[in-house]
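Student: Each chain, letter by letter, is given below.
Number of protein chains: 2
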Amino acid sequence: MYRDRIRLPSLWNKVMSAAEAALLIEDGMTVGMSGFTRAGEAKAVPHALAERAKVTPLKISLMTGASLGNDLDKELTEAGVLARRMPFQVDSTLRKAINAGEVMFIDQHLSETVEQLRNGQLKLPDIAVIEAVAITEQGHIVPTTSVGNSASFAIFARQVIIEINLAHNPNLEGLHDIYIPTYRPTRTPIPLVKVDDRIGSPAIPIPPEKIAAIVITHQGDSPSTVAPPDSDTQAIADHLIDFFKQEVAAGRMTNKLGPLQAGIGNIANAVMCGLIDSPFEDLTMYSEVLQDSTFDLIDAGKLSFASGSSITLSGRRNADVFGNLEKYKDKLVLRPQEISNHPEVVRRLGIIGINTALEFDLYGNVNSTHICGTRMMNGIGGSGDFARNAHLAIFVTKSIAKGGAISSVVPMVSHVDHTEHDVDILVTEIGLADLRGLAPRERARVIIDNCVHPSYRQALNDYFDAACVLGGHTPHILRDALSWHLNLEETGRMLAV
Amino acid sequence: MYRDRIRLPSLWNKVMSAAEAALLIEDGMTVGMSGFTRAGEAKAVPHALAERAKVTPLKISLMTGASLGNDLDKELTEAGVLARRMPFQVDSTLRKAINAGEVMFIDQHLSETVEQLRNGQLKLPDIAVIEAVAITEQGHIVPTTSVGNSASFAIFARQVIIEINLAHNPNLEGLHDIYIPTYRPTRTPIPLVKVDDRIGSPAIPIPPEKIAAIVITHQGDSPSTVAPPDSDTQAIADHLIDFFKQEVAAGRMTNKLGPLQAGIGNIANAVMCGLIDSPFEDLTMYSEVLQDSTFDLIDAGKLSFASGSSITLSGRRNADVFGNLEKYKDKLVLRPQEISNHPEVVRRLGIIGINTALEFDLYGNVNSTHICGTRMMNGIGGSGDFARNAHLAIFVTKSIAKGGAISSVVPMVSHVDHTEHDVDILVTEIGLADLRGLAPRERARVIIDNCVHPSYRQALNDYFDAACVLGGHTPHILRDALSWHLNLEETGRMLAV
Chain A
1 MYRDRIRLPS LWNKVMSAAE AALLIEDGMT VGMSGFTRAG EAKAVPHALA
51 ERAKVTPLKI SLMTGASLGN DLDKELTEAG VLARRMPFQV DSTLRKAINA
101 GEVMFIDQHL SETVEQLRNG QLKLPDIAVI EAVAITEQGH IVPTTSVGNS
151 ASFAIFARQV IIEINLAHNP NLEGLHDIYI PTYRPTRTPI PLVKVDDRIG
201 SPAIPIPPEK IAAIVITHQG DSPSTVAPPD SDTQAIADHL IDFFKQEVAA
251 GRMTNKLGPL QAGIGNIANA VMCGLIDSPF EDLTMYSEVL QDSTFDLIDA
301 GKLSFASGSS ITLSGRRNAD VFGNLEKYKD KLVLRPQEIS NHPEVVRRLG
351 IIGINTALEF DLYGNVNSTH ICGTRMMNGI GGSGDFARNA HLAIFVTKSI
401 AKGGAISSVV PMVSHVDHTE HDVDILVTEI GLADLRGLAP RERARVIIDN
451 CVHPSYRQAL NDYFDAACVL GGHTPHILRD ALSWHLNLEE TGRMLAV
Chain B
1 MYRDRIRLPS LWNKVMSAAE AALLIEDGMT VGMSGFTRAG EAKAVPHALA
51 ERAKVTPLKI SLMTGASLGN DLDKELTEAG VLARRMPFQV DSTLRKAINA
101 GEVMFIDQHL SETVEQLRNG QLKLPDIAVI EAVAITEQGH IVPTTSVGNS
151 ASFAIFARQV IIEINLAHNP NLEGLHDIYI PTYRPTRTPI PLVKVDDRIG
201 SPAIPIPPEK IAAIVITHQG DSPSTVAPPD SDTQAIADHL IDFFKQEVAA
251 GRMTNKLGPL QAGIGNIANA VMCGLIDSPF EDLTMYSEVL QDSTFDLIDA
301 GKLSFASGSS ITLSGRRNAD VFGNLEKYKD KLVLRPQEIS NHPEVVRRLG
351 IIGINTALEF DLYGNVNSTH ICGTRMMNGI GGSGDFARNA HLAIFVTKSI
401 AKGGAISSVV PMVSHVDHTE HDVDILVTEI GLADLRGLAP RERARVIIDN
451 CVHPSYRQAL NDYFDAACVL GGHTPHILRD ALSWHLNLEE TGRMLAV
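Chains as they are written, first to last, in full-length UniProt numbering: chain A, 1 to 497; chain B, 1 to 497.
Bound conformation, chain A alone:
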């Protein structure tokens, strides 16, 4: 029944169990696996590897596109398999191991991993494990719900294990556009000039003799965990849509806006949902992950085309979208994350990048990753790829967290992922700060006035006023700059009530 999915008959004898295939992975190897934002990850082989490691310990370096679903990072962590992990994760068990210093985590811009592999700056994967809907007549790999880094992993690895997942709609074939930049010094421009351009091939081209094993699976992707908009995320969406209207009125954008990028998560999803009832038309996305809101916007006739590297849907939308893929297919493309996030393309297209901040400071520096400067949350993901080169680099967050114990706006961020040079617009449910063309002292004023929760406004005003007395282009009081974080660690609150 799966032979129609393996269209090169000479590969039929490579079909084996996940446990057998996992034996190809040896202690000390570097392994590249498919998977991006819980979509299209290899499922059976990593599970079998974790099972095996419970009996016979082994350690690997694991590279993926981004986060895995189906609790695979948890399983692999608990089985002690992960020595090194890159470039992104979202699993709470793995996060604990990273913060304990037990797993070496390399937190990278998602566009850069395969570029560093290509240049020999990271160790190439010994083996790649890639989920596919089919293998073509040429032995090429047709990915499933994500492309991520799968193409380059398969090209760089000496051996490739393919998981043919029968749970995915075979009609996914044709959705992907695999383009790999040429090597230097003869690298040429990436010929992508419109969101819907197709510049590559529909499958990953590798010599079929590299395919060492094929495993048949039936397990679906994990559903996304996105929550419906609440009053705060709705307020953030409203502020941003008002801002877009002003940009259109000022002639800086048309009513089509620019190609939209939205990070994963509730706030970005809420902003995208907010566009359904907006006056904007003929919208496009050039993003990493396509979430429920992408398809809600298509259904509403608002979104003409969406380019991403993965599709991650809730239980609600999953069957509906993938069961009716022909309805959406001509409006979608999935690309390698190197291309979906490429600085060349992001700058050329003029992306509007909307990403979530953990916290930001008076001067517009953004922390996306580290709680109190030390403990990794998930990773920077693609936020830096987009923010640096976007037409508009927008960061969103609720103004407070933990019932008000934490202010998301602080005197000085405890870790910097996006510098003051790279941040244009900050939005909380309180309001929006437009930092473009402002000096640091001016930024502090608009941030305090527009984004800070009322319960922290006086304290931030006091800090800023006192710092200005000391002077400086970016006034700070070094003794107090991180005191809010220190209070949080010691008392559970940033400020005494």
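If you're looking for bench data, these hints aren't it; they were derived computationally from the structure.
One or more hints might be untrue.
Since the list gives no way to pick out one identical chain from another, each pair is judged satisfied if it fits inside one copy or across any two copies.
[Stated by the list, open to error] Simulated pairs of lysine-lysine, DSS-like, Cα-Cα distance not exceeding 25 Å:
(1) Lys-256 to Lys-123
(2) Lys-123 to Lys-245
(3) Lys-398 to Lys-194
(4) Lys-54 to Lys-74
(5) Lys-329 to Lys-74
(6) Lys-210 to Lys-59
(7) Lys-302 to Lys-329
(8) Lys-245 to Lys-256
(9) Lys-59 to Lys-123
(10) Lys-302 to Lys-256
(11) Lys-210 to Lys-123
(12) Lys-14 to Lys-210
Nothing here was measured: the structure is a model prediction, and the numbers come from that model.
Since chain A is already given, all that's left is putting chain B on it; use the hints.
Tutor: Just chain B, lined up with the frame of chain A:
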């Protein structure tokens, strides 16, 4: 005698004194001036403007390419002319005014200023003042020793004042390559695929009727202030050249290396000089500023081609290079800084970017701009344009400053310009840390072991050990993280002796 420099005779009647031309600049205007790293700045008109402001106060927003020479930023600051200044400066008087909050300074990636103008995100210049060697038969402007932002300023401004500087060799004509990206949504790839590609025109195309005034000048550029290599900068150069040899041996680069970018200043200049006696051949530069070392390398037969946005030379090399320009002209091109620093091109070409850090921390974050997190030094310049997208992002600094009172390696930088995600290699005179593919705790180990001055090594080890006990992906002790900077402010030393 200057009429051969103004080849469109209808413009001859626009010649006037600098004082008359400066009257075109009105209070409250935004003014875009030529000038990049003390090369090719408009000289007479800003001087006349400062003189006028002493009598009749006025304020402007001043945009340039980068830094100005001939003490113009000092004069303009002292005359109270500068309300706002972007995107870079190096003047001590202006610096004081910035740090006092008297001049609003917008510290930008040098590739981004004209992109933000083009998109209407910054106020367009009302008037541009551009130094030129000639005006062509079409009324187009031939720049002098820098291109910087001059082309876009002239295109965007309603009126243009041209300073024809007779002190410059007219043979500079033909050196420049003016390419302006198209507007979105129809922007196309920048067609530059080799360092020596010419993709634009030799002069800045504007309608001649925009030329409102022409001023004749005779004043040279300020000489660069670069110092010859000392034992520390020589040691930094040696470490880096050893590293390049290892990269070649590992097959990650050829003996031609990649296109080199070097920031302005003594250390980068010393590194470039160090290449004269290296085994590398047929080198190229794709940089912002071409300094003495560029021409020393050409003379030594080591450097085949250099692309920059300006030429800034010492007194020693100035007459020699510009007096014998035909000797160098086929090995040089000057481009708009948007193109010399463009993320698309930097990533495509695989630049080796060498820039100076003010300080860096245990985890590889780099501060390029702020003393003790508050006081602006010069600005980020192009370092971020190159570091983010380079094949190798290298930062160099001496391990200590002020006779040992300051360590350039600190627990936590007091300001972040380049995040841990963007920094590959750190070098001091002590040694070199290769951070590629390392997790934060691993980076701390190689930085302490390789880059820290012996007098600070134990203290940093102690900090790191104690922070690791507390845990975290990026271990820190928040109470102590900025204590070295606080000590410096309060006692003049980072650590008690």
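Student: Now tell me, hint by hint, if it's right for this structure.
Tutor: Evaluation of the provided hints:
1. Proximity of Lys-256 and Lys-123 under a CA criterion of 25 Å is satisfied inter-copy only: 23 Å between copies versus 43 Å inside one chain copy.
2. Proximity of Lys-123 and Lys-245 under a CA criterion of 25 Å is satisfied inter-copy only: 19 Å between copies versus 47 Å inside one chain copy.
3. Taking CA atoms no more than 25 Å apart as the test, Lys-398 paired with Lys-194 passes in neither setting, with 33 Å inside one copy and 46 Å between copies.
4. Taking the shortest alpha-carbon separations for Lys-54 and Lys-74, only the intra-copy value of 13 Å comes in at or below 25 Å, while the best inter-copy value is 70 Å.
5. In this assembly of identical chains, the alpha carbons of Lys-329 and Lys-74 never lie at most 25 Å apart, being 33 Å within a copy and 61 Å across copies at closest.
6. Taking the closest pair of Cα atoms, Lys-210 and Lys-59 come within 25 Å of each other only inside a single copy of the chain (23 Å); across copies the shortest separation is 68 Å, beyond that limit.
7. With identical chains, the CA atoms of Lys-302 and Lys-329 are at most 25 Å apart within one copy only, with a shortest distance of 16 Å there and 54 Å across copies.
8. Taking the closest pair of Cα atoms, Lys-245 and Lys-256 come within 25 Å of each other only inside a single copy of the chain (11 Å); across copies the shortest separation is 51 Å, beyond that limit.
9. Taking CA atoms no more than 25 Å apart as the test, Lys-59 paired with Lys-123 passes inside one copy only; the shortest distance there is 15 Å, against 56 Å between copies.
10. Taking the shortest alpha-carbon separations for Lys-302 and Lys-256, only the intra-copy value of 9 Å comes in at or below 25 Å, while the best inter-copy value is 51 Å.
11. Proximity of Lys-210 to Lys-123 under the C-alpha cut-off of 25 Å is restricted to the intra-copy arrangement: shortest distance 19 Å within a copy versus 57 Å between copies.
12. For the identical chains of this complex, Lys-14 and Lys-210 are intra-copy neighbours only, at 11 Å inside a copy versus 72 Å across copies, given an alpha-carbon limit of 25 Å.
When each numbered hint is compared with the structure, violations occur for hints 3 and 5.
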